[in-house]
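J.: Residue strings, one per chain:
Number of protein chains: 4
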Amino acid sequence: MINVAVIGASGYTGLELVKILAGHPRFELAYVATSEGGMRLTELHPAMQGIFECDVHKADAAAVAASCELAFLALPHMTAMGFVKELMALGVKVVDLSADYRLKRETYEAHYVPHIDPENLEHAVYGLPELNREAIRSARLVANPGCYPTASILGLLPFTKYIDEDFPVFIDAKSGVSGAGKKCTTSTHFVSINENIFAYKPFEHRHEPEIREKLLLDSGKDFDINFVPHLIPATRGELIDAYALLKEEIDPIAVLKAYYADEPFVRIFENPVDIKACSGTNFCDIYAKVRGKKLYVNSSVDNIVRGSSSQAVANANLMMGLEENTGIPIIAYVP
Amino acid sequence: MINVAVIGASGYTGLELVKILAGHPRFELAYVATSEGGMRLTELHPAMQGIFECDVHKADAAAVAASCELAFLALPHMTAMGFVKELMALGVKVVDLSADYRLKRETYEAHYVPHIDPENLEHAVYGLPELNREAIRSARLVANPGCYPTASILGLLPFTKYIDEDFPVFIDAKSGVSGAGKKCTTSTHFVSINENIFAYKPFEHRHEPEIREKLLLDSGKDFDINFVPHLIPATRGELIDAYALLKEEIDPIAVLKAYYADEPFVRIFENPVDIKACSGTNFCDIYAKVRGKKLYVNSSVDNIVRGSSSQAVANANLMMGLEENTGIPIIAYVP
Amino acid sequence: MINVAVIGASGYTGLELVKILAGHPRFELAYVATSEGGMRLTELHPAMQGIFECDVHKADAAAVAASCELAFLALPHMTAMGFVKELMALGVKVVDLSADYRLKRETYEAHYVPHIDPENLEHAVYGLPELNREAIRSARLVANPGCYPTASILGLLPFTKYIDEDFPVFIDAKSGVSGAGKKCTTSTHFVSINENIFAYKPFEHRHEPEIREKLLLDSGKDFDINFVPHLIPATRGELIDAYALLKEEIDPIAVLKAYYADEPFVRIFENPVDIKACSGTNFCDIYAKVRGKKLYVNSSVDNIVRGSSSQAVANANLMMGLEENTGIPIIAYVP
Amino acid sequence: MINVAVIGASGYTGLELVKILAGHPRFELAYVATSEGGMRLTELHPAMQGIFECDVHKADAAAVAASCELAFLALPHMTAMGFVKELMALGVKVVDLSADYRLKRETYEAHYVPHIDPENLEHAVYGLPELNREAIRSARLVANPGCYPTASILGLLPFTKYIDEDFPVFIDAKSGVSGAGKKCTTSTHFVSINENIFAYKPFEHRHEPEIREKLLLDSGKDFDINFVPHLIPATRGELIDAYALLKEEIDPIAVLKAYYADEPFVRIFENPVDIKACSGTNFCDIYAKVRGKKLYVNSSVDNIVRGSSSQAVANANLMMGLEENTGIPIIAYVP
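Residue numbers (this note's numbering), protein chains in the order written: chain A, 4 to 338; chain B, 4 to 338; chain C, 4 to 338; chain D, 4 to 338.
Take the hints with a grain of salt, since some may be wrong.
A pair counts as met if it fits within one copy or between any two copies, since identical chains are not told apart.
In silico DMTMM-like links for lysine to aspartate or glutamate, alpha-carbon gap of 25 angstroms or less [unchecked claim]:
1) K204 - D225
2) K260 - E168
3) K296 - D227
4) K204 - E251
5) K250 - E207
6) K204 - E273
7) K260 - D58
8) K204 - D254
9) K88 - E72
10) K292 - E46
11) K250 - D167
12) K297 - E327
Keep in mind the hints are simulated off the structure, nothing from the lab.
Construct all of the structure, not just a fragment, from the sequences and the given hints.
T.: Here it is, written out as structure tokens:
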């Protein structure tokens, strides 16, 4: 058994990590921490009663290093950097779920804050296995992708050679409320979002440069990504609808099937996808359609599972030399 | 037109009051206030754009008295008392939506705090028209009933002469999340309550003594009320299921129809009621069934309309000599 | 009072029509019918108990003509035509809520079936007041717009002179489940759509040619409209997100405000709109943003109110010489 | 591996059975059938794509017997009997999820139809492990309990010796919509039940005699059970609130903890339970409170998991000599 830690266990992603690790056949969840600490896990997450219990510590890098080989960090952006730096210096492998190590330094600093750990940033690997599987295997620090970028990039990757980069790509995204985080705000109050839907930060969301950068790195093409996310009255789940112009006519389903033929965690559907079929799982479900030169790509992930926790564990599996699918959830929360 | 004020306009009840008063044919909404003030109404409630606009003041009793004959107070329990006292001294008629004037002093002080305005408390009238219509007409201060008590009392009143008071009465109540208030808490976060239901404060809710006291005042019988409320994943609405033992067998629908024959805002149904048919309206919908000596009463109100705002406006109509139904909403939010 | 009829009163739109007409100060709802007939209105719609009651007839054109000056038809597409033809021949004015008279004959026949009433089709007026107010006033037959077209057209009209018609316009739409109709299907089963979202008929929805035709008629520009609707887990409401390229840079909010300066039922917002603020009302709420030459338009209507019933009543008001806003709902179903 | 069959795989319970069996370490899902058959599993349940695939047959007892040792039947009440009889005659062990073998013959015939298989009924074992574990181990036919009875009986069992049987026991139950079945009806249409709640069949539900009989068999006391179920706007989950009078004062949490000390699938909570903490799992969560002689019991199960599918698989584990918890889901669908 390989000892692992979860730092930032109180949020939704933290809970999903604990759920996966509690049943993982090779990882032992040996250290759990929040910013405050000082309670038992089942006080934090009553659903774990009868399944898994442990103390929840106040996060301490030395304590992590003393017992664990790898740590999952579910900390806020800009906060994570400091802790990652400490853990890396102590020789702990890290899967960071924040945005702090996902981007090139100039992109990060344009959208967040000055980076305080450029050294580790240099060597961090973007944790999308379908893109970077081999690099992840040998990485000591993996930057877990954002939820919207996961579904957007996986949806668009097969089409980058066909899309006309002289025209904008529009991405209209919809996410369940867990994507907004556990903090109670006006937007996340049940009465505000139930029976409601609205866009937020149109053309201003930080996931936009992440999608753009990764598609550029892979294809060499600097697509003009225009991203508009929405909150929907669901607990979990995320749907991406991307619109672009093609340079040539293609058979989009054939393109998808060829591109992902060997990828067990990407499923191609011949009808529009929904968010329940992959909820609770590591699957990304994709559909696409063309009309003349117009391309429509439709993809879905569970924002706090494949968009976050399960992808992190899949990355950790690769980093620790295990099969990528070890302990990875695949049974959906249906019906 | 009669000038009225709404103090405490930022919450859900405040918004419902503004909605009703904006279209009221005889009341002019002349003064709107919150604890902070300093914005325009449509900043507070964007849905009112194009319908009604005004300044939102920081609540001031003298300012209210200078322009208004009657004020609606939607302030927190225990806070309302101070403001009511001021307004009454200035000659303003008041409909108070808090619990501060609903109960006999000893009941209030047993469940809340020492009462700081026993003089006005003495003369306050409990604002349930089906019980106290005449007293409301001549009242200067009306204490608007709680939402759960409104539906519970209306449901049980017709049966008090038949219920065996030697046996407990159990009330299992269900409310939409607006009943928990606008403040963001763990319970009201969409992710917590969506797809969920749970009881809270079983046998400990402050509405229990209110229900008990009013049934006693009306019937002379001190029923052993045992109240368990629940939150359900709906925005508005409230369902009451009451269980009791009868002293004799009765035809419960006939009893209901006879008791409420002349009450336009109580509707009797011959099947279990739901919360949508009366949502957005001043109706209380009731159904009942017996099996031998066991009585089941099922009643529903919109918790922030009949359970609060519309009942307050109906009370104000009576206090100001208008027809009770003036400007009162009756068209439900269906389908 | 002007006697009016509602034919097809059993569905969601039928119920909304009855709700509006029951409180209309000048229209008397004198004849209500469904395909079967033979019950009382409150059996069909229990929420109307205590508000409005009448017999529900089996639809008969002669009976309508005998008592009513105007009829609202909420019948399925392709069925409506037959009944409209009969009513028009009997001299009844008609507001038809189906698609049967909305389009030019060739467009209609390309997407529906051969038209059996080309004579009346010739003179039918498309019932979007912001476009056709004067023609509606003198019309004997008004074709009420589809729900998605209402919000899409109103959102795009102000921008047609600026949009580059050489580039596709993408419309990503989201609708509450009432838009799918009252018929129980796999998609409308609560368990299917709760906690879910999915696109349907991408690039194949019949509202697409309707949007295209009306924008062409108004602007002379034949935009390449690409429409993808989605179902969301809400009861009512509809959000439109449209993406296009501009020929020049503009201030979109200024454009919207200027275009709709005199339109009381279109509200311009300076932030993304939501579907609750206009739910239950005749308002269309619009927001827009540009980034360089990229245009984002965001508009919302209640699909069964402004997208259907209230717009129909507004049209009838105009046809019968009343003020357009007579009896038109404006208070939203908030919070 | 032990070959098992699922007959009636198209409904919600059928899907949950397939989900559990697809990952079961000792059961091989070797035969899947619906009434019609003739498709592939992933056509029936797209969420299983990439996880499990097989043909779906038209149910045939001989085909089942030819390949399987045990069959799970998820067929409608009254239909199941015929198929069970065939399978038993062919030597197949059966876990029947219908009501057909749960009750004594006279109770069954009083509430359903004449029983056509009294011989097997005689030997059928009621599949509640906490009650009948040993009998289940040696059973050839297990009758899986109803969902409401599972939570009601588990909640009340520890208190039967304390409850005063001279007084009614009231059970107010709430269930997610999956409990109403996959068939589309007025009640299960999203628009009907979203934002809504209502009781149905008050004092008339068939689960009432089941609860009563099992409590009598265990305690010797014939409680006067009065059961009122409700539908709530959630997909899955079930909450029970039971109210009774005690003969003596007790510490209810201590009673629960003692009673269920060795039961891994019953969790005792010291606060009211909710339906999410056990959703997707085989757990039954229970809380209780007393006030004087009044008892309040609050229990929760996932209606289509512990209330159905996972309990069936736990029973099958026992029947086939495996550990009861083999392949049984315990990780909840939280947050």
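J.: Which constraints among the numbered hints does this structure fail? Numbers only, ascending.
T.: Of the numbered hints given earlier, the structure breaks just one, which is hint 12.
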